[in-house]
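Here is what each chain is made of, one letter per residue.
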Amino acid sequence: MTHVLEARDLVKTYDVDGVGTPALRGVSLTIDQGEFVAVMGPSGCGKSTLLNLLAGFDRPTGGEVWLDGERIDGWSEARLARMRRGKVGFVFQFFNLVPTLTVGENVELPLRLVGRRRAAARRVCGELLGDLGLPGKRDTAPYLLSGGEQQRVALARALANDPAIVLADEPTGNLDSSAAREVLVLLRRARDRGQTLFVVTHDARVAAAADRVLSMRDGMLVDEADLEVGVGRLPGSGGQR
Amino acid sequence: MILVLARLAFAGIRTRLLASALTIAIAAAVVSSLVIAVEIRATGVTPWQRTFDAAHGAHVLANTPTAADARAIAARPGVTERTEPTPIASTQIELDSGDTVDVFVAGLEGHPSVNAPVSTDGTSPRDDGIVLERSLAEALNIGVGTTINLAGTNGPTPLHVVGTAISPAQPRYPRSNPGLAWLTRDTLQRIQPSPGQWSWTVALRLRDPATAPAFADRAVADFPPQTVTVDSWQAQRDTALQDAQPVTVILTAFTLLLMIVAAAVVSILVGARTSTQHREIGLLKATGMTPRQVSLVFVIESATLGLVASVIGFAVGAAAAPQVATASAATLLSPPQTAISPWHLLLAVVAVVPVLAISAYLSSRRAARFGVLQAIHSGEPKPAPRARLSRAIARLAPSLPVQVGLTDLLARRRRAIWLAAAITVTGAVLVFTLSVQAALNARPAGEISDVPTELPVLIYTLDAVLLVMTLTALVAVALLSVRERIRDFGILKAIGLTPRDSGASLVAAHTALAIAPALISIPLGVALYLGIYAAAAGDTDGVDIAPWWWLASVPIALPLLVAAATSLPARAASHVRVAQAIRYE
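Listed in order, the protein sequences are those of chains Z and F.
Counting in the working numbering, the first sequence runs from 1 upward without gaps.
Counting in the working numbering, the second sequence runs from 1001 upward without gaps.
Because the hints were derived from the structure by calculation, they are not lab data.
All values derive from a computational prediction rather than experimental measurement.
Ideal Cβ placement from N, Cα and C applies to all residues, glycine included.
Honestly, I wouldn't trust all of these hints.
Cβ-Cβ distance ranges computed for the label pairs, FRET-style [claimed, not checked]:
1) F/T1287 <-> Z/T140: 42 to 48 Å
2) Z/H202 <-> F/R1395: 52 to 58 Å
3) F/L1283 <-> Z/D139: 57 to 63 Å
4) Z/Q33 <-> F/G1288: 57 to 63 Å
5) F/R1395 <-> Z/S177: 46 to 52 Å
6) F/M1001 <-> Z/D218: 20 to 26 Å
7) F/R1500 <-> Z/H202: 51 to 57 Å
8) F/G1531 <-> Z/D139: 41 to 47 Å
9) Z/G126 <-> F/R1500: 41 to 47 Å
10) F/A1021 <-> Z/G126: 34 to 40 Å
11) Z/S177 <-> F/G1288: 34 to 40 Å
12) Z/L144 <-> F/P1456: 55 to 61 Å
13) Z/T140 <-> F/L1283: 27 to 33 Å
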């Protein structure tokens, strides 16, 4: 099976008041096409930092990030942005919809960025909002929606271009249990369509839905559970196992 | 409570030094312009009085068709000193270029006891010699020692220029055209032998100088209309200092325009502050502060900055006023001098501080009325519902980054309106300046202009000040916009906008916003020019407006300038890192 996403000995150190503070201390992992991987761990253990590095939002202090067989950690910001347009969808904990755009415009954004015509983007957006139970919300301002609805819009935006990989940072972290369930159903649906999911979460229900759960502590991967076969698949050996 | 509010206001000033400095700079420019407008005439009063004293000036100066009429006026009660009537003839100076310049020549018999020409160079008139009024000599570039030809009944008469002089009763040439020169009575008779072609002037001193206007009115009433003119010393002073009038009109207009820009800048800055401090304001309200008190903090802050700006602007204006009034110096014994009046400082404070305070109040009033919980939770205000017009405009955008940028800019409706207003005013002033230049260019070659040299310089300076202010404000607003939208830029980059797209969205949105105001500024600028021209000249007959291709450059140049100004903040937008921006949540 192809590794769609791979981290090799990733290190990230933040400079806090002139003092180097390690956030990741040599993380290596591989994620295969169509996998649903959840990462769990206490606050401040480096989960979101890992996610940001895999998405190309930040640059590692050391190590490599590979996506679809290409090493991306040295790419320019512009190249990374163009790569994300078609290949990566991202879901944030706090939804992060653009507040001055309507729901429809938020969802159409990635479609327009890959060059879809306005009419085509509107059609796809309408279908997605219908699928996600948000018909008739196209012209609504994001702040008028509930948290669950906003997160579904954020999911629609992340899935609009049918990306190969969906990265999500605590997608249910700011939702009540009913809204969290809805989001989980949508994530599963994406996995069933063959999309690769890498989700940082505190939510045991999200982790339970994953194919694999990675545990992090103090900037390192410390455990892995393959929920289907129970075999760890972290590459290499040593501290990460 | 007021102390608490004042403390919060001063904390706001200290923590936002750039915005505070910008507010002070713009408000100080308004005050300087206003102070120059109200002081420019006053800077010439003392030098004129000195000239009047040196000339033993006439409280009343009468011009009559006959010597008998002049003597009749001089015999009126209240006169304590008088000169013998002096004949005046109209003639022409023939220049080396072949051109001729009209001039009045006064035939003196000895040194007049009242209203004597005050020598500035050379000697008094003597046979075959002529003394030119100084501004006339300067305009024609004729120095003492040269020989000129004066047109006479018997042909050109060569005369030596033996001196230059000034008179408190003679305004600057060529604003007062024909100019004035002094000869001996004998020389005058050689130029114009026929006394029937002479007019007469008589200079009088009164027992009570304050009664001069009434004396003049009564004296004129004794003669058929339009036959004699009688000027009081007050009228002579007003005429002599009239060079200040167009400058005063222009500066008053510029003051009003600068005030609009200042109101726009303060409204935008305070509006942006209330937006970025949304959570902080929510916390203040949670501790018991009313919306009115929140607004009061911003009012105190803006009023304080206005007071500081008033003092700075007053000092700059008072120092600059004599420089602006330099044109008057040609007819005065000493150059214009600073004429500080505390009333002018008070006027500046009264004019500027309320504008800033009201702008701050109106801008913060709505922003202070929101739910405390919403403010504390979200940390940012809810965007206003989008108007149809803004949707339509955004749809016209040629690319997605431009559409996103325009949508965001138009979502902050008041800010967009104020920004458009500032750009419109700046464009209108550019059009005004181009029209002034066109009028100067339209003068026939070689014609001596009655426009003081300082006037175009003053207009260009004010224009540059306004342009710099508007562009600086634009940079500040765009920077604030980046700061407010740092999370949005992060999200957009996470979705796939490149750094270049992010920067372009900011630049293109502001540039697109500038297009409509730049177009509107053309008719507005023309109207401004015609209005100021009419106010300064009395009518708009023969007015020259900038040619259309000059005017067409304004809606091209302004958006380009806006693009250049916003390119700096655009770099900040393009450098926003996604991970850093997301951390803002």
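Does the structure break any of the earlier hints, and which numbers would those be? 1, 2, 3, 5, 6, 7, 9, 10
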